[in-house]
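Note that the UniProt record's numbering has the sequence shown beginning at 1, numbered continuously upward.
Read the hints as simulated data drawn from the structure, not as lab findings.
Predicted model, so just to flag it, every value in this text is computed and none were measured.
Check each hint, because a few of them may be wrong.
As the list claims (entries may be wrong) - Okay, derived cross-link-like pairs now, SDA-like style, lysine to any residue, Cα gap no bigger than 25 angstroms in a straight line: (1) LYS50 with HIS60; (2) LYS105 with TYR130; (3) LYS33 with GLU16; (4) LYS33 with TYR19; (5) LYS143 with THR128; (6) LYS12 with CYS38; (7) LYS27 with ASP48; (8) LYS6 with VAL61; (9) LYS37 with SER94; (10) LYS105 with PRO125; (11) LYS12 with GLU36; (12) LYS53 with VAL41; (13) LYS46 with ALA18; (14) LYS53 with PRO43; (15) LYS33 with SER94; (16) LYS114 with PRO125; (17) LYS53 with TRP8; (18) LYS46 with SER94; (19) LYS53 with PHE40.
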Amino acid sequence: LLERCKYWPACKNGDECAYHHPISPCKAFPNCKFAEKCLFVHPNCKYDAKCTKPDCPFTHVSRRIPVLSPKPDWRSVLVFILLAVAPPAPPSSSQLCRYFPACKKMECPFYHPKHCRFNTQCTRPDCTFYHPTINVPPRHALKWIRPQTSE
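Please put together the full structure from these sequences, using the hints given.
Set out below in structure tokens:
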């Protein structure tokens, strides 16, 4: 076919592609009026994907790379649906986990209270969420110090 491959230069079909892959430079560039449809090679645009000119005569590699999402496996779709529909399993115990808030077990059978989104700034005395007792200094008061290396 004498039609330029819309995926060139990122075409995955290579020589098997039914469309034209340019090999020789365009003699009319930069005044070529065919732009993306030209059957000859135009230099790459230095702005590539960030180029804002709709009529830019240069080649844009990133615009030609096909964005294909992988076909989802039926098992992953089923798991996604089950996770979306099934309510979270309640803890099997109303007893507070002795390792909370440092518990690392994902399937811990004990109760882990939800953290209050306002943390230590919470003003509600009747708030039922967990409030940490450790006071972390404000961000501006924290300073990174390089560890000393012994030589």
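#### Entry: Pair hint outcome, LYS12 versus CYS38 [Cα-Cα no greater than 25 angstroms]
Within the cut-off at roughly 20 angstroms; holds.
### Message
Does VAL61 sit within 25 angstroms of LYS6, going by the straight-line distance between their CA atoms?
### Response
holds, 10 angstroms
### Query
Are LYS105 and PRO125 close enough, with their CA atoms no more than 25 angstroms apart?
violated, 30 angstroms
### Message
Run the distance test for LYS37 versus SER94: straight-line Cα separation, threshold 25 angstroms.
### Response
violated, 68 angstroms
### Message
LYS12 and GLU36 were given as a pair; does the straight-line alpha-carbon distance stay at or below 25 angstroms?
### Response
holds, 18 angstroms
### Task
Mind checking the alpha carbons of LYS33 and GLU16 for me, to see if they're no more than 25 angstroms apart?
It is violated: about 28 angstroms lies between the C-alpha atoms, which goes past 25 angstroms.
### Message
Does THR128 sit within 25 angstroms of LYS143, going by the straight-line distance between their CA atoms?
### Response
violated, 33 angstroms
### Query
If you draw a straight line from the CA of LYS33 to the CA of SER94, is it 25 angstroms or shorter?
violated, 74 angstroms
### Query
Keeping to a limit of 25 angstroms between CA atoms, is the pair of LYS27 and ASP48 held or broken?
At roughly 21 angstroms apart (the allowed maximum being 25 angstroms), ASP48 and LYS27 satisfy the hint.
### Query
Given the proposed pairing of LYS50 with HIS60, does the C-alpha separation stay at or below 25 angstroms?
holds, 10 angstroms
### Message
Check whether the Cα positions of LYS53 and TRP8 lie no farther apart than 25 angstroms.
### Response
holds, 20 angstroms
#### Entry: Given pair status - PHE40, LYS53, alpha carbons within 25 angstroms
holds, 20 angstroms
Checked against the numbered hints given earlier, the structure breaks hints 3, 5, 9, 10, 13, 15 and 18 and satisfies all the rest.
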